[in-house]
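Line order of the protein sequences matches chains A and B. With the numbering used here, letter number 56 in the first sequence gets 56, and the count goes up by one each step, no holes. Every position in the second sequence, counted from 1, becomes a number in the numbering used here once 1000 is added.
Hints may contain errors.
To be verified - Distance condition first, Cα-Cα at most 25 Å in a straight line; then the derived BS3-like pairs of lysine-lysine:
no. : chain 1 : residue 1 : chain 2 : residue 2
1   : A       : 131       : B       : 1003
2   : B       : 1004      : A       : 131
3   : B       : 1124      : B       : 1003
4   : B       : 1124      : B       : 1146
5   : B       : 1121      : B       : 1146
6   : A       : 109       : B       : 1004
7   : A       : 109       : A       : 131
8   : A       : 109       : B       : 1146
9   : B       : 1252      : B       : 1121
Bear in mind the hints are in silico, worked out from the structure with no lab data behind them. Since the model is a prediction, treat every value here as computed from it, not as a measurement.
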Amino acid sequence: MKVDLEQLRELIRLLDEANLTEIEVEHDDDRIRVRRDPAAIMQVATQSVAGDSGAPSAEAAAADEPGEYVTSPFVGTFYRAPTPAGDPFVEVGDEIVVGQVLCIVEAMKLMNEIEAETAGTVVEVLVENGKPVEYGDRLFRIEAT
Amino acid sequence: MFKKVLIANRGEIALRVIRSCRERGLRTVAVHSEIDADALHTRLADEAICIGPAEAARSYLHIPAIIAAAEITGADAVHPGYGFLSENPEFAETCAQCGLVFIGPLPEQMRQWGDKVRARKLAKSLGLPILEGTELLTDVDDAVRKAEALGFPVLLKASGGGGGRGMQVLRSAEEVQASFETARAECTAAFGNGALYFERFLDRPRHIEFQILGDQLGNIQVLGERECSIQRRHQKLLEEAPSVALSDEQRKDMSETIRRAMTEAGYLSAGTLEFLLDERGELTFLEMNPRIQVEHPVTELIMGVDLVAEQIRIAEGEALEVPDPPLLPRGHAIECRINAEDPDTFAPSPGVITEFHMAGGTGVRVDSGVYGGGRVPPHYDPLIAKLIVHAPTRARAIAKMRRALSETIIGGIRTNIPLHQRILGHPAFEQGRISTGFLDDLQG
Chain A
1 MKVDLEQLRE LIRLLDEANL TEIEVEHDDD RIRVRRDPAA IMQVATQSVA
51 GDSGAPSAEA AAADEPGEYV TSPFVGTFYR APTPAGDPFV EVGDEIVVGQ
101 VLCIVEAMKL MNEIEAETAG TVVEVLVENG KPVEYGDRLF RIEAT
Chain B
1001 MFKKVLIANR GEIALRVIRS CRERGLRTVA VHSEIDADAL HTRLADEAIC
1051 IGPAEAARSY LHIPAIIAAA EITGADAVHP GYGFLSENPE FAETCAQCGL
1101 VFIGPLPEQM RQWGDKVRAR KLAKSLGLPI LEGTELLTDV DDAVRKAEAL
1151 GFPVLLKASG GGGGRGMQVL RSAEEVQASF ETARAECTAA FGNGALYFER
1201 FLDRPRHIEF QILGDQLGNI QVLGERECSI QRRHQKLLEE APSVALSDEQ
1251 RKDMSETIRR AMTEAGYLSA GTLEFLLDER GELTFLEMNP RIQVEHPVTE
1301 LIMGVDLVAE QIRIAEGEAL EVPDPPLLPR GHAIECRINA EDPDTFAPSP
1351 GVITEFHMAG GTGVRVDSGV YGGGRVPPHY DPLIAKLIVH APTRARAIAK
1401 MRRALSETII GGIRTNIPLH QRILGHPAFE QGRISTGFLD DLQG
């Protein structure tokens, strides 16, 4: 996408005047988000909803890729397989159905199975097996069917 | 020695704990809700874990999430702060079961002191003076009989209540008959416990509380009193230490009574015994708070102790260093609780803090959990900062506090600073003529 600097300046001014922390404008497939960090550092993130042609910046890497994200409903340890030696519940490329177990998040010695809420294809596994996850951390990216 | 302490709280008290940990060389883990992702405790701790959404029941009050955060970070102890889970015995037990040290009293002690009727009985059996009162009331007829025996006016209280909720002054048998059933239903709804009892009603008493520490070896240290009579709807607003209403002899006698009582009780960690001081100058036990309190800094300033560091030391198994003769208060300290609220209507005032400049200079301490550009979420307590001053005399402490408030700038939200200025500038306050009715009188 092409960044309209004048429009960007206008948004930043608006953010400041209205004392907001974030403004997001969406037009056709383009989306601009202007966000002010509470530490008063201006951060500007631009992205294209329908895929970006440019090299991803640090900000863009954390931004939304197409598809739906499965997030962790609690704090715990992420496991891809039912047992340490077992096969992963799902692999990239697998077709999944609603209710299918995708992984385990262990909290307080309890193995909580995380189930798919949408049907689709697993396109990305975002956490390494055995790593700690926080509430809301993204675990999988799913392309809905 | 602990290596890593998880702080199961937010705001200024989370920072307060981080500070003592850091000075002791301990690593810290903050837990936070989604809305607190940029909060100061989240930013200043060595590690931070998001444990749930903004709603406290699903984050700061959610025991499994907090325990899981301790597990994934390898924390070996948990400090609960005040409020949230600090007085929850199940939380303390769960910590122990999961191999975490809970920095606070034993679960059984929280149960004993958390139930007001049980606490009164225990206090009496330990030799503490208690306000005349009744056993639990069985029904409305029993209530009328007991109120008449005690003498009107009486104060109707809920055994499971707290923060003044569920309390009512009743002046006649007719009022008891009219209020009893409704009060019981309300308390059942609010506390899951409809147990009610009466206490003798004191008109305009002073609220005076004593700070204690107890270690695992059975030592008890009494660290003097705080006066917290400036309250609005039983919520403390401004506290000071020492109290002008106690003589040195009364302070010494009550400290010794408490030391003996709490030694017998085997109390562990920091705690506060709250008393009412009536017009005759008699102190009677009100309740015991088994935790660190919001107003603990005034005690720290006049006694020269770090109460949170002491809590940690005690939890590590170290002995209290109780000096003989006991520490004496030095100078006078005052704390103002700065709340994000309208100074006149007391309506909460959440939002983004656009400007934040806290006072400085000699004898001024600031305990705060916010910063300029940060946000005060509407989901939690409105306390954003505590301004605390220490000076050689009460008059100089008042002057210092007025000066400190005058240089404090908080933009973007409303605060109760104007109300504090009115309190401190009032002749009755300056003369130390205060009671729990002071603020009602001030506001007419």
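Going through the hints against the structure:
1. A hinted pair counts as satisfied when its Cα atoms are at most 25 Å apart, and residue 131 of chain A with residue 1003 of chain B qualifies at roughly 21 Å.
2. This hinted pair checks out: residue 1004 of chain B and residue 131 of chain A have alpha carbons roughly 19 Å apart, not beyond 25 Å.
3. Distance check on the hinted pair: residue 1124 of chain B and residue 1003 of chain B sit about 40 Å apart at the alpha-carbon level, beyond 25 Å; violated.
4. Restraint check for residue 1124 of chain B and residue 1146 of chain B: the C-alpha separation of about 19 Å stays at or below 25 Å, so the hint holds.
5. With a CA separation close to 17 Å, the supplied pair residue 1121 of chain B and residue 1146 of chain B stays within the 25 Å bound.
6. In summary, the hint linking residue 109 of chain A to residue 1004 of chain B is supported, as the alpha carbons are separated by about 20 Å, within the 25 Å threshold.
7. Between residue 109 of chain A and residue 131 of chain A, the direct Cα distance comes to roughly 15 Å. Compliance with the 25 Å bound is thereby established for this hinted pair.
8. In summary, the hint linking residue 109 of chain A to residue 1146 of chain B is not supported, as the alpha carbons are separated by about 51 Å, beyond the 25 Å threshold.
9. Between the alpha carbons of residue 1252 of chain B and residue 1121 of chain B the distance comes to roughly 24 Å, so the proposed pair stays at or under 25 Å and holds.
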